[in-house]
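J.: Below are the chains, spelled out letter by letter.
Protein chains: 2
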Amino acid sequence: MENYDSSIYDKLSVAVDLLVFTIENDALKILMVERSEDPFANMLALPGVFVGIKETLDEAAIRGIREEAGLEDIYFEQLYSFGEVERDPRMRIISVAYMALVPIEKLNFHAGERTLSAKLVDVKELLGSDEKVAFDHKKIIEYGRWRLANKVEYTKIAFHLVGEEFTLPNLQKVYEILLGKSLYKANFRKKIAPMIEETDRSTSGDAHRPSKLYRLKDEE
Amino acid sequence: MENYDSSIYDKLSVAVDLLVFTIENDALKILMVERSEDPFANMLALPGVFVGIKETLDEAAIRGIREEAGLEDIYFEQLYSFGEVERDPRMRIISVAYMALVPIEKLNFHAGERTLSAKLVDVKELLGSDEKVAFDHKKIIEYGRWRLANKVEYTKIAFHLVGEEFTLPNLQKVYEILLGKSLYKANFRKKIAPMIEETDRSTSGDAHRPSKLYRLKDEE
Numbered sequence: 001m002e003n004y005d006s007s008i009y010d011k012l013s014v015a016v017d018l019l020v021f022t023i024e025n026d027a028l029k030i031l032m033v034e035r036s037e038d039p040f041a042n043m044l045a046l047p048g049v050f051v052g053i054k055e056t057l058d059e060a061a062i063r064g065i066r067e068e069a070g071l072e073d074i075y076f077e078q079l080y081s082f083g084e085v086e087r088d089p090r091m092r093i094i095s096v097a098y099m100a101l102v103p104i105e106k107l108n109f110h111a112g113e114r115t116l117s118a119k120l121v122d123v124k125e126l127l128g129s130d131e132k133v134a135f136d137h138k139k140i141i142e143y144g145r146w147r148l149a150n151k152v153e154y155t156k157i158a159f160h161l162v163g164e165e166f167t168l169p170n171l172q173k174v175y176e177i178l179l180g181k182s183l184y185k186a187n188f189r190k191k192i193a194p195m196i197e198e199t200d201r202s203t204s205g206d207a208h209r210p211s212k213l214y215r216l217k218d219e220e
Numbered sequence: 001m002e003n004y005d006s007s008i009y010d011k012l013s014v015a016v017d018l019l020v021f022t023i024e025n026d027a028l029k030i031l032m033v034e035r036s037e038d039p040f041a042n043m044l045a046l047p048g049v050f051v052g053i054k055e056t057l058d059e060a061a062i063r064g065i066r067e068e069a070g071l072e073d074i075y076f077e078q079l080y081s082f083g084e085v086e087r088d089p090r091m092r093i094i095s096v097a098y099m100a101l102v103p104i105e106k107l108n109f110h111a112g113e114r115t116l117s118a119k120l121v122d123v124k125e126l127l128g129s130d131e132k133v134a135f136d137h138k139k140i141i142e143y144g145r146w147r148l149a150n151k152v153e154y155t156k157i158a159f160h161l162v163g164e165e166f167t168l169p170n171l172q173k174v175y176e177i178l179l180g181k182s183l184y185k186a187n188f189r190k191k192i193a194p195m196i197e198e199t200d201r202s203t204s205g206d207a208h209r210p211s212k213l214y215r216l217k218d219e220e
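Protein chains in written order, with this note's numbering: chain A, 1 to 220; chain B, 1 to 220.
What the hints contain is simulated information worked out from the structure, not anything from laboratory work.
All copies of an identical chain are treated as equivalent in the list; a pair is satisfied when it fits inside any one copy or across any two copies.
Derived pair list, reagent style DSSO-like, types lysine-lysine, alpha-carbon separation capped at 27 Å:
id, residue 1, residue 2
1, 191, 181
2, 191, 151
3, 119, 138
4, 132, 54
5, 156, 212
6, 11, 54
7, 173, 124
8, 181, 106
9, 54, 138
10, 151, 181
11, 106, 173
12, 173, 212
13, 212, 190
14, 151, 139
15, 181, 156
If we strip away everything but chain A, and leave its shape as in the complex, we get (with noise of 0.2 Å):
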């Protein structure tokens, strides 16, 4: 670290941009508010908030989520920092991104308490449109839906996006969606085998035969 003189060095805005992904109607979506002035008026934008001088990034990024998304106790990690010196029009503001997961329930359970217009944005549809969307947000997305489907392939990412009981087939489907592909059933059963328990329970199966329900195991 250089020596530090603070008359000299620059000193800049640190925000945390919140990519709240979720599962709907079998497409991964992300929670997107509109803004409702400039820069970027009537726009999708992330959600986000500045970093206070005694907050650190983590807290920073609780609150977002609590105060954006109305959400509370989601799985969160740090994704990346952007820097570009003219992503922000109004000044300089560095954004630390970080990635959040939750099953669909949860956030419906929690709709009414979002204070903003936040809504779910299909993320296919909006990375394969011409929309713009604010800031450099897009790229942010993109980034952090890349980074959701390879860390799928190694980690147990994905069990954040079903609720604590789900079933294989509904399991299944959420690593398809995420990975952008069909599976072969026999190869995710026995790739997810080691990580799942059964519970004594199934789902009620009106039409369908019932399916029983698996957990993720508590080791490790």
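Following the hints, complete the assembly by docking chain B onto the known chain A.
T.: The following block gives chain B in isolation, referenced to the frame of chain A:
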């Protein structure tokens, strides 16, 4: 993003701290500098620079690698941002850590140009000892060490620690050092076979039989 009134939001300083890893004498080493003044005078610290108002994070990392380590054109990637409130006793500074990997030959070649008294520190010894390191840099090194081991499993990152041409025993040694365990030669060679190709050169064979030199395949 909240609406913004520049008078009421806090501004912070942002630094880029550099984890320059190399392998020397069969051990993972990291480039560190001895601090000449308080805070943490005479303690080891990561090299780093403050991010200028007109500079992206990557640009600051490139500048830091050049100014503090005397290196150009080496592999680097952003690692993680550290934002504990009290991590620097002087003022609030958020650190965006970058990890860089360089073969020891390149580091030695440039040693004469280094402006600071940078030196190579054995990572395993440092992390296993009680030695205090400036700021939260020991924690940052621990995180970098973990991430590096992790990425070795599913990326080609280890190749940045060998020269452009390498022998298979040399490459295996690098993998073993990063993973912290011995590997079976047959399994290792099967795993890396798709990534590499033979050159028409061999090491000259003093006491040993000459070893074929390989390089990373170009594709993708």
